[in-house]
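A.B. asks: Chains as they are written, first to last, in my numbering: chain A, 4 to 329; chain B, 4 to 329.
Hints were generated in silico from the structure; no laboratory data involved. Source: prediction; values computed, not measured. Some hints here could point you the wrong way.
[Unchecked claim] Taking beta-carbon pairs under 8 angstroms as the criterion, some of the chain B residues facing chain A (in silico):
(1) LYS283
(2) LEU284
(3) GLY317
Glycine residues also receive a C-beta, built at the ideal position from the N, C-alpha and C atoms.
2 protein chains.
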Amino acid sequence: MPESPLPARPTLDDVRAAARRIEPFVHRTPIARCAAIDALAGGDVHLKCENLQKVGAFKARGAMNAVRLLDDETASRGVVTHSSGNHAQALAWAARSRDIPAHIVMPTTAPAVKRRAVEGYGGIVHDCEPTLADRLATCERVARETGGSIIPPYDDDRIIAGQGTLALELLGQVPDLEAVVVPVGGGGLISGVATVVKALAPQVRVIGAEPALADDAARSKAAGSIQPHAGDPTATIADGLRTTLGARTFPIIRELVDEIVTVDEAAIGRALRLVLERSKLVIEPSAAVGVAVATDPMFRTRGHRTIGVVLCGGNLDLARLPDLLG
Amino acid sequence: MPESPLPARPTLDDVRAAARRIEPFVHRTPIARCAAIDALAGGDVHLKCENLQKVGAFKARGAMNAVRLLDDETASRGVVTHSSGNHAQALAWAARSRDIPAHIVMPTTAPAVKRRAVEGYGGIVHDCEPTLADRLATCERVARETGGSIIPPYDDDRIIAGQGTLALELLGQVPDLEAVVVPVGGGGLISGVATVVKALAPQVRVIGAEPALADDAARSKAAGSIQPHAGDPTATIADGLRTTLGARTFPIIRELVDEIVTVDEAAIGRALRLVLERSKLVIEPSAAVGVAVATDPMFRTRGHRTIGVVLCGGNLDLARLPDLLG
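Same shape as in the complex, but just chain A (with noise of 0.2 angstroms):
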């Protein structure tokens, strides 16, 4: 495959950066054992508490990135985003810090849940129609409207950036480490993940998991160029990785990704179940795929012995919960 130049992107000192910048505002996420999960895996698994974050995900970091680097007067005319999911609460929680508004485009499809959480952290609610071109369009006007800048999901520097930020605690929690697991949506986490770790510790093993029905990371690592899903992404549990990549993330995930691995539902629910019956940790179903890939039979046969899972966050719909675990 011909080397494609790479556009300037995130570096270790833009992370670092990053991380004395959000440092006042969120937690250094706790590492979880689980000797049920060791033996499952082969190995020695170091759960990265994500689920125990601000706003109950790794989004807090990005967003507060983000909204800290807006200039003053910039940043009074507050942010914009489309989401239903935790970059949303994650966006609404960093502009409170501020003082500034944050305008959240959501579908009127959304759970009457979702919406109360972002008004819960001071979030203004925007509805659209539930289709990706009313969400971009509602989005741009009323950015243009407020004046109030655009902060995307995963799909910009500043966030990747701030996702980076909890692989430079987990390097300094595990030093040993041989492999990290990292979940996959959009790829801003794992941007940020593997950016740090090959820069630190190019040793280490960067391994995105994706559900098997929302496979376009692992198809467009392997075509080298992005791919969408071969399956129905809506039709996974893991609903905070049904995005795909971005135009910021893929030649990220290209070059500095080891491999994606893929897993089914009945694997995805297996897992979820693992973690709440012997962590006694509360995640939700996408932070789940990351353990399905570690406690993997086929996985083992690596004999990685010191293992990173990103549980990437714990807002688990409990009502949902007979359902998810089948």
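Let chain A serve as the given structure and place chain B on it in line with the hints.
C.D. replies: Coordinates of chain B only, in the frame set by chain A:
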């Protein structure tokens, strides 16, 4: 109230010896914090995470202490108890660590999942009828036939001393503690905690937390003698707290515990949801009882600024969760 002479009971030294004895086998469990709980409690709430303890409950401490205290010849004949709860799993787990048999008497009505959990730790399950009389009779028969030592779930000085070890940790982890809230079933946990706290930090208030439907400790403390539940203990979701105080635990509670606070089922359900959704920790309903007390508006008026709450266990039946949350 006239002082009645107390029989000898576990001392701080007994608890310290237990801590040294069990230290290689149990976790020094972490403290979790949660801004949402702090806000409701009006103070800093430090959650002592015994849900992350071995076998998912503080019961590992007392069971291990009792098993380690047996001399080799006695131990070789095994241990016996009647329980379908966390003590059963804890005793099986502790016995396995010494490679001795654990005979667990369990009513035929106990859920299959409880039986499998005990068997998973290598315990031998003996059926009995679901009456206290047959539980006791079967337990004694098994002990007679095997020569095994009966290890009761709470009314035993070895158990009380073992459970108290968590308070040694808590006082080290939260030096400015003003009150500690401890769920009360048979009273083994709070007896051990009160023994330590009143010896080392007598200004710290020790507060029992009980479901209103299983309020024998509150009634017994008020009456100065062991009283039955006024409500129907089988109706509380906090199934670990349905038992009543014993001859060994009651005198300690009478003298050393400052107060027992009861909470209704709605408050327990709300606290369970609060911890799952906001702390991202899996706890069982019995552990929610302590959180329900700490976040009770009446309790808040007391103005404790630094409060410990023992999350006594994490063995939540996920299939029952929708019912538990109401």
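A.B. asks: Of the hints given before, which are not true for this structure?
C.D. replies: none
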